[in-house]
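Could you build the full structure based on these sequences and the hints that come with them?
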Amino acid sequence: MTQPTEELSIIGKSLIKPDAFSKVSGQTKFADDLALPRMIYGRLLRSPHPHARILHVDTARAKAHPGVLAVLSGDDLPIKFGILPVSQDEEALAGEKVRYVGDPIAAVAATDEWVADEALDLIDVQFQPLPALMSIEEAINSEGEPIHAKGNVHKTVALEFGDTDEAMRAAAHVREDTVFFEGNTHLPMEQHAALAQVAADGKLTLWTSSQTPHYVHRALGKVLEMPMSRIRVIATPNGGGFGGKSDIFSHELVAAKLALVTGRPVKITLTREEVFYAHRGRHPVLMKVKTGFLKDGRITAMQFQSFLDGGGYGSYGVASTYYTGALQATTYAIPRYRFEGVRLFTNKPPCGPKRGHGTPQPRFALETHLDKVAEELGIDPVELRRRNLPKADSRTVNWLRITSIGLGECINKVVEGSGFLTRRTSMPKGRGLGFAVSSYLSGAGTAIYWNEMPHSEVQLKLDRNGGVSLLCGAIDIGQGSDHILAAIVAEVLGVSLQDIQLTTADTDLTPIDLGSYSSRVTFMAGNAAKAAAEKVRDRLFAVAAKALQCDADDLIARDHRIARRGRPADGMDFAQAVQLAEAQGGGVTGTGSYTPPKLAGPYKGSGVGPSPAYSYSAAVVEVDCDRKTGEVRVPEVWIAHDIGRSINPMLVVGQVEGSVYMALGEALMEEQAFRLGLHKFPSLLEYKSPTALETPIMHTYLVETIDREGPFGAKEAGQGPLLPVIPAVANAIYNALGVRIDEVPITPEKVLKAMHDKTKRVGPKSVPAFEFPPLIKADVPDEWKGK
Amino acid sequence: MLRLPRLRYLRPRSVAEASEMAASNPGSMFIAGGTDLVPNLKRRQFDVSTLISLNALPNGTAVVGDAKRGLEIRAGATLDELAPHPALDGPYRALAQACGLVSTPQVRVMGTLGGNLLVDPRCNYYNQTYSWRKAVGFCMKKDGQICLVARSSPRCWAVSSSDSAPVAVALNAQVTLHGVEGTRTIPAASLYKDDGIDYTTKRRDEVITAMHLPAVSGRMTSAYWKLRRRPSFDFPILGVAIAITWDEGVVRHARGALGAVGSHPVDITPYLAPLTGARPGEDLIVGVAEAADKPSRPLDNTDLSHYWRKRMTKVYIERALREACGLPPLEGRLSAQVKAGAS
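Protein chains in written order, with numbering that gives the first Met the number 0: chain A, 0 to 786; chain B, 0 to 342.
Hint data in this document are derived by calculation from the structure and do not stem from the laboratory. Each hint should be verified, as a subset may be incorrect.
[Said to hold, decoys possible] Sample of chain B residues at the chain A side, in silico, Cβ under 7 Å: (1) R2; (2) N123; (3) T128; (4) A134; (5) V135; (6) R228; (7) R229; (8) P230; (9) S231; (10) W307; (11) M311; (12) V314.
[Unchecked claim] Listed below are the simulated DSBU-like cross-link pairs for lysine-lysine, each with C-alpha atoms no more than 35 Å apart in a straight line: (13) K309(B) - K759(A); (14) K764(A) - K149(A); (15) K133(B) - K41(B); (16) K764(A) - K309(B).
Treat the numbers as computed from the prediction; the structure is a model and nothing was measured. Backbone N, C-alpha and C fix where the C-beta goes; we use that ideal spot for every residue, glycine too.
Quick look at the structure:
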């Protein structure tokens, strides 16, 4: 039973989140702030070679160094792991081979960091260097030793929904574009850190700055060969994650092993440079998109190809590959669709999920492509999008179920707010406006490892005095998930936020939540919290109804009271109801859980892409270009986001603005560049990311569609709003200067080069020759049959 | 985190004591604000056993004098003190601009003029951690044999990355150095050598105590334009400093220097000679800028490409000249805005 909006007292209000005061006053303990008695320090020796065989590791001199308590190498942690069951290809310390500069080889634990550093220099490693493969092309064409035994091709996908070739032949207009999106990294302010302690009884506890403590828990069990019941993982508040802390990292496993070996607490905090090597960031992706249209601009078919530069290991790469082809059809009604994708291993730090996981790259391709098509067809770029919007309560041709969709309204908001249609044709010299739209998941519909269990669970325990203990495995990564859980429970029980005591992300204490990734926590943990609160509330209502001699359906919980609807005096205090319930039936507790509906389509590979709901965004970006230097500044951005319902509008706006900021960095500056096999500049100074000075005026419009399956109608906010901004920048530059930069980041030198080139374009010319596997020709949903 | 090497820290109370400490402690370095030195030490870019702090030296007034008599600026004055200093608001404005454009507000509060004049030349093969440099095979500037930017080069091509250095050259400044053998005052230009390693004529035991800006007869204008990716904290990847003296609207003499396109501030004064005797208009400025980028020789060892930086040299010379000549900014609204925002 969902309350009508006018009755909500906490949901929809911009309240201060529960962790705000401890964050701003510096009281929050991040992983590196933790210190335990007798604690020692761990450090990792990392590969200086991008690709090499390890012939021998001699740790004798390091072990003998005064102050060193333990030295580990590959032989000490031989069991392979990986975040995905299909990609168990990593070792905590490389045994036979290194695959990128920064790949961990050995580890030391010492009484302080100076001694640990000295000891690293005393470890002798003999390598046999191998040719480094530093690009998609090199990985495809290499005839030398592959990076992994099975070859440099990590994953291929080839799917077709309807006959796209036939549709292309019949189309009134067909366009093909090739674009490239360079890789970039998350750059969280807090470096990764982990602290491990072994209790006298042998039980291991690991505190770690992780978005996915449950998966870390599983990996520790596997690699250390310990029962999970003998391991406790506590995720510490994340000082930024953005996807970069959702994998399992060498330093977590090594800290645990060093604590087991030495019997002392061991802390490892990565340096900033090491964070660049841990990476798991945005994949560089080379893409080719070909679309057929009717004369009126409606899409008849699309063929999309992705080449992903995966780096040295699998990580989330299989999912990333699918994601580059999954969400094209949730944004546009595409009657026939073909997707071919391949992920290559290269000798770079492994790529993985970064805000928007696998979808900003194809979004950049698609939205710049449509901008070009609009011009060719003589249709306004906004109108072209409007003619291709999918419908609410529909299935896409690749079987993704759409529930609510507010994209049309998002488009209206930004177009009106920016004056796009009137201003675009009369911008002053060097100025331009660009437009783009997008969609994103509210949580992945399938778990990372196959199982039938819920994706999220929440336990509540009510105190006799009316306090509420809320336990959930979810970890707040700064996005405000703690607030979301507390707000939902407080709303249902009619208490205030301050009455909720949160315990989160502690595998000993909290029930499962799969992690803070794929924009899933509000939707999934939020639904679990709501279910738990409703169970408890129903029990309180039952005892209160009896005492008040009324029907339980007639009661509402609000303002710390359980009372008859419209008659607040006719009721009892919340604490009184708890006491009554406890007296009658024992402790007042409740558990709620959430399992997404089974949404996968009837084809292999259908597990990546389904989500219980999709968010939608639209953006208009204004640029100011210096025509002599090619520099691009963004003075203003208009962005609208279909949030379903804002549980806390201030937090939603914060997520939207943060996404815009991050998107502008990717659009204009950020890149993982390599030279001589090394990351060119693994530092906060030289890896260029925007600052407050580069951050534009932002106009944020929240569109509420009250999704029928989201908690109180909510959908995601953390990732989707990043997506339209990057292509909107590129489209705005075209509007300003008449040049197409089909390659991210759009640096001043590229802009200037395009301005002086007769093609007025900078970007890739073709994709490499690669033989994709035969297409899996999937059945299409009924609504698309014969279209 | 990265740790500093184990060090001895000395805190002299006078310049004389500082010089003596430097002379008697081989392997020591002076530290003033430390904003550049400390991160470099964490990356083991120097082998240092002792740091000699200059922060307990007697504090005088930051700036003494005026345009008629010339200025004396204490080398220990912070960039944050100098950027808004009224004495630098007139003819010497380029220096205030340069100080205000160094890095971030936090760094400018700590960083000193003397420290900025002597910023260790930078290179993105060199300003890296020990393990990174080890992986790449080290370069001649530290721990290695060759220059990784120009492999056959017998010399180091690290880039002079000071904002105040080209301004000091353009303003024809002098610097006073104090050492165990006494005090000497030399032109700013001769403080520098065109070598990424051996980049200064300052002796180990010498401390820069002051910068002197010459007296101005008549009218002088100056300007500093800085190119970098982010106007909030990046080092320059090109700097253009211009100083022009005038006789009733006619250029008496124009001086100029480029920063961050070589291992020392590059004097472009000879290329500005066509301005002398002229009332510079747009066309003359364009013509001068076209030619004056000749000594700009950026290499591929900073942010953005050296081709682009070379190309930007004439654009920025033109913009700096326009500002010094009082012409309105061009369509380069973007950079003008960024500059205004920062100063």
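Honestly, which of those hints from before does the structure not fit? No numbers; nothing is violated.
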